[in-house]
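**Student:** Letter by letter, the chains look like this.
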Amino acid sequence: GAGVSQSPSNKVTEKGKDVELRCDPISGHTALYWYRQSLGQGLEFLIYFQGNSAPDKSGLPSDRFSAERTGGSVSTLTIQRTQQEDSAVYLCASSLAGGRADQPQHFGDGTRLSIL
Amino acid sequence: GQNIDQPTEMTATEGAIVQINCTYQTSGFNGLFWYQQHAGEAPTFLSYNVLDGLEEKGRFSSFLSRSKGYSYLLLKELQMKDSASYLCAVILLSSGSARQLTFGSGTQLTVLP
Numbered sequence: 001g002a003g004v005s006q007s008p009s010n011k012v013t014e015k016g017k018d019v020e021l022r023c024d025p026i027s028g029h030t031a032l033y034w035y036r037q038s039l040g041q042g043l044e045f046l047i048y049f050q051g052n053s054a055p056d057k058s059g060l061p062s063d064r065f066s067a068e069r070t071g072g073s074v075s076t077l078t079i080q081r082t083q084q085e086d087s088a089v090y091l092c093a094s095s096l097a098g099g100r101a102d103q104p105q106h107f108g109d110g111t112r113l114s115i116l
Numbered sequence: 117g118q119n120i121d122q123p124t125e126m127t128a129t130e131g132a133i134v135q136i137n138c139t140y141q142t143s144g145f146n147g148l149f150w151y152q153q154h155a156g157e158a159p160t161f162l163s164y165n166v167l168d169g170l171e172e173k174g175r176f177s178s179f180l181s182r183s184k185g186y187s188y189l190l191l192k193e194l195q196m197k198d199s200a201s202y203l204c205a206v207i208l209l210s211s212g213s214a215r216q217l218t219f220g221s222g223t224q225l226t227v228l229p
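Residue numbers (my numbering), protein chains in the order written: chain A, 1 to 116; chain P, 117 to 229.
Keep in mind that a hint or two might mislead.
[Claimed, not checked] Using C-beta positions, here's what the derived DEER-type ranges look like:
1. A:Glu85 with P:Thr124: 16 to 26 Å
2. A:Asn52 with P:Pro123: 14 to 24 Å
3. P:Thr142 with A:Ser7: 28 to 38 Å
4. P:Arg175 with A:Pro61: 30 to 40 Å
5. P:His154 with A:Gly28: 33 to 43 Å
6. A:Gly16 with P:Gly169: 20 to 30 Å
7. A:Pro55 with P:Leu228: 41 to 51 Å
8. A:Thr70 with P:Ala132: 33 to 43 Å
9. P:His154 with A:Ser7: 15 to 25 Å
10. P:Thr160 with A:Gln84: 44 to 54 Å
11. P:Ser143 with A:Leu96: 18 to 28 Å
12. P:Arg182 with A:Leu96: 20 to 30 Å
[Claimed, not checked] Partial list, derived from the structure: chain P residues whose beta carbon lies under 8 Å from chain A:
13. Gly144
14. Gly147
15. Pro159
16. Phe161
17. Tyr164
18. Leu167
19. Leu203
20. Gln216
21. Ser221
Quick caveat, the hints were computed from the structure, so don't treat them as lab data.
Using N, Cα and C, we set each Cβ at its ideal position, and we do this for glycine too.
Please work from the sequences and hints to get the whole structure.
**Tutor:** Structure follows, in structure tokens:
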């Protein structure tokens with residue numbers, strides 16, 4: 001596609017429910033990143049994929065968070081038993097190659113998650 | 117730990133020049149990015165610096181001093197559409213060879229007529 005596509009754009013759910021967020025990266029981009037942006041705070045790194053593997057999961061805040069990527073393309077971020085502190089904008093980014101520091105990451109518009 | 121500081125807010129006048137500073141204390145530094153983010157939209161890439169010095173791109177320039185852990189983004193001939201949040205992000209080497217970005221909290225720039 002022309003850019004990174006994320007769905008849904010907005011998600012409102014009750015505390016305790018599971019949610020699944022989807023990211024479709026730019027075609028040909030092998031590296032994919034998930035970030036979280038809370039109100040008034042900077043973007044927080046969650047997880048990185050190179051192809052289908054996730055060599056760096058250091059940013060996942062708890063074991064309620066998991067992510068997968070299949071076919072080297074679409075990725076899903078799953079949050080189980082959501083808590084109110086999970087409310088944030090979840091941003092996905094992709095780049096041509098994870099191993100090249102100078103490759104800029106291109107971001108999607110994000111999913112705004114609200115936990116009631 | 118990683119620490120990236122930038123001012124929370126700045127205000128400038130249309131047509132003027134504004135400099136947004138960013139200081140960082142990190143390990144494994146491998147470059148610095150500036151992104152622009154309008155409210156409710158995706159961050160968009162502005163610049164990348166890995167060597168000391170100034171990189172110029174039209175109305176925007178970015179400067180890096182690795183020895184001082186310091187960067188700035190310079191915006192010239194400000195336009196109303198430049199009102200946005202400007203994010204400083206440092207790219208780090210990590211154990212998985214990931215190039216994760218560590219972001220500052222962003223500087224909200226307001227351009228006044």
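**Student:** Please list, smallest to largest, the hint numbers that this structure does not respect.
**Tutor:** Going through the list in order, the structure violates hints 2, 5, 6, 8, 10, 13, 18 and respects the others.
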